[in-house]
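Input sequences plus hints: build the corresponding full structure.
As they're listed, the protein sequences go chains A and B. Position 137 of the first sequence, counted from 1, bears residue number 137 in my numbering, the numbering being contiguous throughout. Heads up: take any position in the second sequence, counting from 1, add 1000, and you land on my numbering.
Derived by calculation from the structure, the hints in this document are not laboratory data. Be aware that one or more of the hints could be misleading.
Here are some chain A residues the structure puts well away from chain B; computed CB gaps all over 10 Å [claimed, not checked]: (1) R61; (2) I165; (3) T184; (4) P186; (5) K213; (6) T244; (7) F307; (8) I312; (9) D374; (10) D396.
Residues of chain B clear of chain A, computed beta-carbon distances all greater than 10 Å [as the list claims (entries may be wrong)]: (11) K1136; (12) G1148; (13) L1190; (14) E1229; (15) T1293; (16) E1303; (17) S1311; (18) S1341; (19) R1349; (20) T1386.
Restricting the straight-line Cα-Cα distance to at most 25 Å, the calculated cross-link-like pairs of lysine-lysine (BS3-like) are [stated by the list, open to error]: (21) B:K1184 <-> A:K175; (22) A:K167 <-> A:K349; (23) B:K1403 <-> A:K189; (24) A:K60 <-> B:K1020; (25) A:K175 <-> A:K135; (26) B:K1331 <-> A:K132; (27) A:K59 <-> B:K1191; (28) B:K1306 <-> B:K1002; (29) B:K1403 <-> A:K175; (30) B:K1306 <-> A:K60; (31) A:K60 <-> B:K1195; (32) B:K1048 <-> A:K60; (33) A:K213 <-> A:K189; (34) B:K1021 <-> B:K1040; (35) B:K1297 <-> B:K1002; (36) B:K1195 <-> A:K59; (37) B:K1021 <-> B:K1009; (38) B:K1076 <-> B:K1048; (39) A:K392 <-> A:K276.
Note that the coordinates shown come from a computational prediction; the quantities given were computed from them, not determined experimentally. Backbone N, C-alpha and C define an ideal beta-carbon position, used for all residues, glycine too.
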Amino acid sequence: MSSKMVEFTVNGKKLLAFEGLNLLKYLLDNGYNIPHYCYHDSLGADGNCRMCMVEIKGKKRPQIACDTLIKEGLEVNTNTPTIKRLREEILQMQLRNHPVDCPVCDKAGECYLQNYYMDYGLYKEGKHKKQKIKKSKNIEFGRNVVYDEERCILCKRCVRFFANITKTNELGVIKRANHSTISTAPNQKLQSQYAMNIVDLCPVGALLSSDFKFKQRVWFLQSSPSICHGCTKNCNITIDYSSTKFQAERIYRYKARRNEDVNGYFICDEGRLSYKEYHTNRVTQIEYKNSIIDFKEAISKIGIEIFIHKDIVILASPNLYIEELESIIKWSKKLNARLYSPLECYKDKEFADNWLKEELRVANAYGVMALEIDTSTPDISSDTLLINFDHKLAQDINTLHRIDFITHSINSQGLILPLASWVQSSRHLINSSGIKQYAPKTLVANKPILTVTEWIEAIGGDI
Amino acid sequence: MKEVKIVSKRFDIEGINHIKKAIEHGAYSTIHKMFDKDPKTIVDEIDKSGLRGKGGGGAPTGAKWKLMLQDFKLPKVLVINCDENEPGTFKDRQIISKDPHLLIEGIILTSYAIGANDVYIYIRGEYHQWQNILQKACDEAYLQGYLGKNILGSKYRVDITICKGAGAYICGEKSALLESLEGKRGHPRLKPHQKEPEWYFGRPTLVNNVETIATVPFIVENGADAYKEYGTSKSPGSMLFAMSGHINNPGVYEAEFGTSMMEYIEYYGGGIKGGNLKGVIPGGASTPILNATEVAKAKLDYESIKELGSSLGTGGMIVMNDSVNMVEALKNLLEFYHHESCGQCTPCREGTAWVDEIVESMLRYSASYNSIEQLLQIGQTMNGKTICVFAPAVSGVIDGFVKKFRSEFEEYLRGVCNE
Ligand SMILES: Cc1cc2nc3c(=O)[nH]c(=O)nc-3n(C[C@H](O)[C@H](O)[C@H](O)COP(=O)(O)O)c2cc1C
Ligand code: SF4
Ligand code: SF4
Ligand code: SF4
Ligand code: FES
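Shown next, in the form of C-alpha cells:
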C-alpha cells in the first residue's frame, strides 16, 4: 500500500483511499455489506469462497474484491443484478451438502451462511440436494475445539490461522473436491494456547467451543466490550452475557475484540476461559468471624477497627482500575496508613510467551507503578490492622486484625466484605506498553454489590 | 505430409537411453559450446524463435524466461513440469523413454540461460517406469560430467532433483505444483497482480513443460530461424501431437504447427477405426470437443483451433467414432474432474460434483426435464470465477458436448416429467 491517495468510485459514489489498499477491506471498514467468508482482516485474501465478487469496469467478468487493489479511477459496482445472481449461485453451491441443521447449531444467529441466506437465498424447496454427503458431526480437535465436517464451507480460515498467525500448522485440508475436510495430522490434537480463536474465526458453525456448545442461544446474549484481566497485556474482549428478567446475570463467553495496538484480533485460551472466575467462589455477604452481619454493623465495625489501630496496612489489588486505586491512595493518606500493592505474587514465568501472554498475571500492574504505589511486601506485626482490597497476597497473611474487601472468598476470620468484580465496575487500566484503556461496566449484580470507590465513600462518611 | 523431427529426431534409435549412444548421435553437443555464449543470447534466441509452452497454455516461452533475468536477491530455480496427468496426453513420457538425454541437455541450456543452478523435475507419481529411466539418465549425465558441481570443467554447477508427485491432476498446474514441491497440499495460488516469475520457497522460479525444454537444444543449435521455418507465423515450429481413441495407429508423432488435423489423423493415425468420425477432443481432455465438420476444418495450431472455439492444449487428441455415446463420454470426463478438483473454490468443489451427478442421473433416466439447462448454468457459474483454470475448462468441456451433441442429451430426457 502506498501513501498516495487515489480517487475511485463505488456504486457511482466518488471515494478517496490509499492506493493499493485491499478493496474488500475498504468496503467492509466503510460499512458496505459485502458477503464474504474466506477473507479475514488478520489472514488476508485466499480467494477460495468466491462470495465477495464485485463488478469492475473494464473487466469482462466479476472479480473477487478481496484480491482487488484500489487504484486511481477504479469503478466498482457491488449490487448489480449479475452480482446478486452470482451470490445466489455461490450460496446455493455452499448449501448443496450443508446439513442445514441451524435449529441445533450453536452458531445460528451469528452465522455468515445463515445471514447471507436471508439476503440471497432462493427460498425454494427442491433447490437443494436430497441426498447429501454424510460426514462426521463431532470431531474433537482438542483444546476445547470441536469440528462439524458437514457444516464446514472450507474457507480455510482455521487452517490459515495456524499457518500464518501461530505458525504451528496444526490444521490442514485433507481429501479432494467435495469430500474435502479439515483435519489435524493423524493422531494429533491441537496444542496451541490460542487454538480457540479459530472458533471466533470460523464464519459458520463448523468449529465450536465445547465450553460454550449447547449452553445458550446467541440471540439471548448481550455483548459488552471489555478488557481481559488475565495479564498485563489487557487484551480487548467482548463479554457475552445473558440478562434475563428476574434471573441472575450470567457470563457465557469472552470473545476477542480487534484492537491493533494491543492484541490484534486474538486472545489466549486461558484469558478466554477466565470468564468462569466471575461465577465461582464469589463472596456475596458481609461476614464477621464466619457469621453474617448487616451493612450498618459492618460500617461501625470498620470504624472501630480503624480507630483502635495505630498501624494500618492497606493492600490494594493491581487488578483494580486506576480510579479505584486513586481513591484508595486518598483514603490511605487520610488514615495515615501504609499502602502496598506487591506484584511478586502475581508473577508466572511459565504463562508468558512471546506473543500476547505476559508474565504478570494481573491487569493493572503498570497502573500501580504509574501511581507509584509501593510494590514491596509489607511488614505486618500483631498490632497491625490489615485492610485488604482483593489482593492475592492477603490469603497468605495470618493476622487476626483484618478487614477484607474481596470478590472471591478466602480463608479469613476477620471482617469480610463483598466487592464488585472488575466486570461489575468500570474505568481505566494501563497495560505493559503504557496504553491506557477504558473498560465499561458490564454487569449489574442482582443484589447490588459495592465497588472499591463506593465502599470508601460509604465508610468515609462514617469515620 | 511434411515430416518434422525436432524433438523426436532420435526417437527411433535403439539404445538411445544410454549416454554413450546418445552422445554418438549428437546429444550434449550444444553444452560443449554453451560456455562461449552469453546466457542472455540464449534467452534472446528462444524469444526470437517464438517457442510456445507445450504444457497446455501455449504461452510464449521467451517472455517467461526474460522475467528471470531481473536482479533477484535469492537464487533462481528451474522446475520441469512432468506431471502429465491430462487424459489423452502422453507425450512427455515419450520424450523420457525415447530420448531422456535430450531433456537433460535442454535443462542444462535453460538453467544456464536463466542462471538457475538448482533444477527440480516434478514427475507424475504413477510414472514409475519413467522415473527410473530419468534417474538413470541423470546418473549417467553426472558421471559424464554434464551435471554436477563442475560441468565440463567450467566451474558451472547444475543439480537435478527428481521429485515424484502424489497422484493429483491439479499438481500439474504450475503454482499447485510448486506448493506440492514445497511439501504442502497442492492448491493453486492466487494469480499475481503483475507479470512476475513463479516462486518456490520465495525464490524466483521458472516452470516449463518437458517438451518445451526438450525443444531448446534444437533452437540453440540451429538458431531461431531454423525453428521458425516450420509452423505458422503465430505458432512457429512443431509439436509432439498424440492420438488415442478410435484410431488405427495410436501414438505420438511430431508434426509442424498448421498441419491439417484430418491429414495428420490419416497419415500417422492410419484413419478412424471401426466407423465414421464423430468428434475429436483436440488437446487433452480439458479442451472443448470438435465435431466432425469442425475437425475437417481444423488445423493443428493455436489460432485455428481457437477459432473453432476450442484450444490446442497439449496436442493430445482423443478421437471418437460414431459408436460413442456422447453422454457417457461426458460422464467419463466429469467423473475425472469431480475426482480431481482440488476443492478450494466453491464453484469448482461443488460444481464438479453437481454436474457429474446430473449426467449420471441422465444416464439412469432419472434426470429432471431442465437438466441440460442446469448443466449449462452450473458451467457458467464455474467459468471465470475460480483461482485456477480447472473449473473454466470443465465448463468448456460441458459446453462443447452439450451444445454440439444436444440431441443425444435430449434423448435421455424424453418422457421425463418430474419436479
Ligand atoms: C489443471 C491444470 C493442469 C495442468 N497440468 C499440466 C501438466 O500436467 N503438465 C504441464 O506441463 N503443464 C500443465 N499445466 C500447465 C501449467 O500450469 C503450466 O502452464 C506449464 O507447465 C508451463 O509450462 P510451458 O510454458 O512450458 O507450457 C496444467 C495447468 C492446469 C490449469
Ligand atoms: S472449519 Fe470453519 S474456519 Fe475452518 S475451513 Fe471450515 S468453515 Fe472455514
Ligand atoms: S494474553 Fe493476557 S490479557 Fe490477553 S487474553 Fe490472555 S490472559 Fe487475557
Ligand atoms: S478451480 Fe478447482 S482446481 Fe482450480 S483452484 Fe479452484 S477448486 Fe482447485
Ligand atoms: S472473501 Fe473473497 S473469495 Fe472469499
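Comparing the hints with the structure gives:
| no. | hint | verdict |
| --- | --- | --- |
| 1 | R61 | violated, 4 Å |
| 2 | I165 | holds, 17 Å |
| 3 | T184 | holds, 14 Å |
| 4 | P186 | holds, 15 Å |
| 5 | K213 | holds, 27 Å |
| 6 | T244 | holds, 39 Å |
| 7 | F307 | holds, 73 Å |
| 8 | I312 | holds, 64 Å |
| 9 | D374 | holds, 53 Å |
| 10 | D396 | holds, 52 Å |
| 11 | K1136 | holds, 33 Å |
| 12 | G1148 | holds, 35 Å |
| 13 | L1190 | violated, 5 Å |
| 14 | E1229 | holds, 37 Å |
| 15 | T1293 | holds, 29 Å |
| 16 | E1303 | holds, 20 Å |
| 17 | S1311 | holds, 17 Å |
| 18 | S1341 | violated, 4 Å |
| 19 | R1349 | violated, 5 Å |
| 20 | T1386 | violated, 7 Å |
| 21 | B:K1184 <-> A:K175 | holds, 13 Å |
| 22 | A:K167 <-> A:K349 | holds, 22 Å |
| 23 | B:K1403 <-> A:K189 | violated, 50 Å |
| 24 | A:K60 <-> B:K1020 | violated, 55 Å |
| 25 | A:K175 <-> A:K135 | holds, 13 Å |
| 26 | B:K1331 <-> A:K132 | holds, 20 Å |
| 27 | A:K59 <-> B:K1191 | holds, 15 Å |
| 28 | B:K1306 <-> B:K1002 | holds, 23 Å |
| 29 | B:K1403 <-> A:K175 | violated, 33 Å |
| 30 | B:K1306 <-> A:K60 | holds, 19 Å |
| 31 | A:K60 <-> B:K1195 | holds, 19 Å |
| 32 | B:K1048 <-> A:K60 | violated, 32 Å |
| 33 | A:K213 <-> A:K189 | holds, 19 Å |
| 34 | B:K1021 <-> B:K1040 | violated, 31 Å |
| 35 | B:K1297 <-> B:K1002 | holds, 19 Å |
| 36 | B:K1195 <-> A:K59 | holds, 18 Å |
| 37 | B:K1021 <-> B:K1009 | holds, 14 Å |
| 38 | B:K1076 <-> B:K1048 | holds, 23 Å |
| 39 | A:K392 <-> A:K276 | holds, 18 Å |
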